[in-house]
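Q: Sequence:
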Amino acid sequence: MIINKYLKCWENLNPENISELINCLDTNFYFLDPFVELNDKDSFNRHLLKILEKHKKLKFKIIFKIKSGDDYLIKWNFKVENSFVKPFSGISEIKTKEGLIISHIDYWDPVRNIYTHIPFLGKIFKLLK
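In the working numbering, each residue carries its 1-based index in the sequence shown increased by 518.
Since the hints were derived computationally from the structure, they do not count as laboratory data. Don't take each hint at face value.
[Said to hold, decoys possible] As a list, the in silico BS3-like pairs of lysine-lysine whose alpha-carbon atoms are at most 30 Å apart: (1) Lys-568 to Lys-604; (2) Lys-568 to Lys-579; (3) Lys-579 to Lys-613; (4) Lys-585 to Lys-523; (5) Lys-585 to Lys-526; (6) Lys-597 to Lys-579; (7) Lys-585 to Lys-613; (8) Lys-579 to Lys-526; (9) Lys-526 to Lys-568; (10) Lys-583 to Lys-572; (11) Lys-577 to Lys-526; (12) Lys-523 to Lys-613; (13) Lys-583 to Lys-523; (14) Lys-583 to Lys-593; (15) Lys-615 to Lys-577; (16) Lys-574 to Lys-613; (17) Lys-604 to Lys-583; (18) Lys-574 to Lys-597; (19) Lys-597 to Lys-568; (20) Lys-572 to Lys-526; (21) Lys-526 to Lys-604; (22) Lys-613 to Lys-572; (23) Lys-579 to Lys-615; (24) Lys-583 to Lys-597; (25) Lys-575 to Lys-593; (26) Lys-615 to Lys-593; (27) Lys-575 to Lys-597; (28) Lys-526 to Lys-593; (29) Lys-597 to Lys-572; (30) Lys-523 to Lys-577; (31) Lys-523 to Lys-597; (32) Lys-526 to Lys-583.
Take these sequences, add in the hints, and give me the full structure.
A: Dropping the structure here:
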């Protein structure tokens, strides 16, 4: 099942397995998270490589998945070692078609999980809460 292969790649994300993850994607793959919107797998590949270049130790842990037809909801935990970013959880909506991943939309709170931990800027966001 393509979803299991895709999720395994996320749990073991590193520069060496990105090509395996990218091979799970449709050419017109769509990705959206609070910071970026991408409309093809080549852009997504470049995006992941850039992130892994900056943050060498990313860890995703899949907590559970719910299936409905060709769609999945995935609950995950995330952490970055040696970063001001604290561990946090999120949900991904993943759609498949004809044995490939066609879209991946992440839902998580960037204010609570990132902005409030940035020196100076974090104080402003905490005051706005």
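Q: Would you mind marking each hint as holding or not holding in the structure?
A: How the hints compare with the structure:
1. For the proposed pair Lys-568 and Lys-604, the alpha carbon gap of about 20 Å is at most 30 Å, so the pair holds.
2. The hinted pair formed by Lys-568 and Lys-579 meets the criterion: a straight-line CA distance of about 21 Å does not exceed 30 Å.
3. In summary, the hint linking Lys-579 to Lys-613 is supported, as the alpha carbons are separated by about 19 Å, within the 30 Å threshold.
4. Among the hinted pairs, Lys-585 with Lys-523 is consistent with the structure: their alpha-carbon atoms are about 15 Å apart, no more than 30 Å.
5. Proximity of Lys-585 to Lys-526 is assessed by CA-CA distance (about 16 Å); at most 30 Å being required, the pair is judged to hold.
6. Between the alpha carbons of Lys-597 and Lys-579 the distance comes to roughly 9 Å, so the proposed pair stays at or under 30 Å and holds.
7. Between Lys-585 and Lys-613 the CA atoms are separated by roughly 10 Å; this keeps the pair inside 30 Å, and the hint holds.
8. Distance hint between Lys-579 and Lys-526 is fulfilled; the C-alpha atoms sit about 9 Å from each other, no more than 30 Å.
9. Pair hint Lys-526 plus Lys-568 holds up; C-alpha atoms about 20 Å apart against a cutoff of 30 Å.
10. Note on Lys-583 and Lys-572: the hinted pairing holds, with a Cα-Cα distance of about 29 Å set against a maximum of 30 Å.
11. The suggested pairing of Lys-577 with Lys-526 holds, with an alpha-carbon distance near 12 Å, which does not exceed 30 Å.
12. In summary, the hint linking Lys-523 to Lys-613 is supported, as the alpha carbons are separated by about 14 Å, within the 30 Å threshold.
13. With a CA separation close to 13 Å, the supplied pair Lys-583 and Lys-523 stays within the 30 Å bound.
14. For the hint linking Lys-583 to Lys-593, the alpha-carbon distance of about 6 Å falls within 30 Å, and the restraint holds.
15. The hinted pair formed by Lys-615 and Lys-577 meets the criterion: a straight-line CA distance of about 27 Å does not exceed 30 Å.
16. Between Lys-574 and Lys-613 the CA atoms are separated by roughly 28 Å; this keeps the pair inside 30 Å, and the hint holds.
17. Restraint check for Lys-604 and Lys-583: the C-alpha separation of about 23 Å stays at or below 30 Å, so the hint holds.
18. Of the supplied pair hints, the one linking Lys-574 and Lys-597 holds, its CA atoms being roughly 11 Å apart against a limit of 30 Å.
19. Under the criterion of a C-alpha separation no larger than 30 Å, the hint pairing Lys-597 with Lys-568 is consistent with the structure, at around 17 Å.
20. Using a Cα cut-off of 30 Å, the hinted pair Lys-572 and Lys-526 holds, with the two alpha carbons roughly 22 Å apart.
21. Note on Lys-526 and Lys-604: the hinted pairing holds, with a Cα-Cα distance of about 23 Å set against a maximum of 30 Å.
22. Between the alpha carbons of Lys-613 and Lys-572 the distance comes to roughly 28 Å, so the proposed pair stays at or under 30 Å and holds.
23. About 24 Å separates the Cα atoms of Lys-579 and Lys-615, which keeps this hinted pair within 30 Å; it holds.
24. At most 30 Å may separate the alpha-carbon atoms for a hinted pair to count; Lys-583 and Lys-597 meet this at roughly 19 Å.
25. Taking the CA atoms of Lys-575 and Lys-593, the gap is about 20 Å. The hint holds against a cut of 30 Å.
26. With a C-alpha separation of about 21 Å, the suggested pair Lys-615 and Lys-593 falls inside the 30 Å cut-off, and the hint holds.
27. The suggested pairing of Lys-575 with Lys-597 holds, with an alpha-carbon distance near 8 Å, which does not exceed 30 Å.
28. Among the hinted pairs, Lys-526 with Lys-593 is consistent with the structure: their alpha-carbon atoms are about 14 Å apart, no more than 30 Å.
29. Simply put, Lys-597 and Lys-572 have alpha-carbon atoms about 14 Å apart, close enough for the 30 Å limit, and the pair holds.
30. Taking the CA atoms of Lys-523 and Lys-577, the gap is about 16 Å. The hint holds against a cut of 30 Å.
31. Between Lys-523 and Lys-597, the direct Cα distance comes to roughly 21 Å. Compliance with the 30 Å bound is thereby established for this hinted pair.
32. A hinted pair counts as satisfied when its Cα atoms are at most 30 Å apart, and Lys-526 with Lys-583 qualifies at roughly 12 Å.
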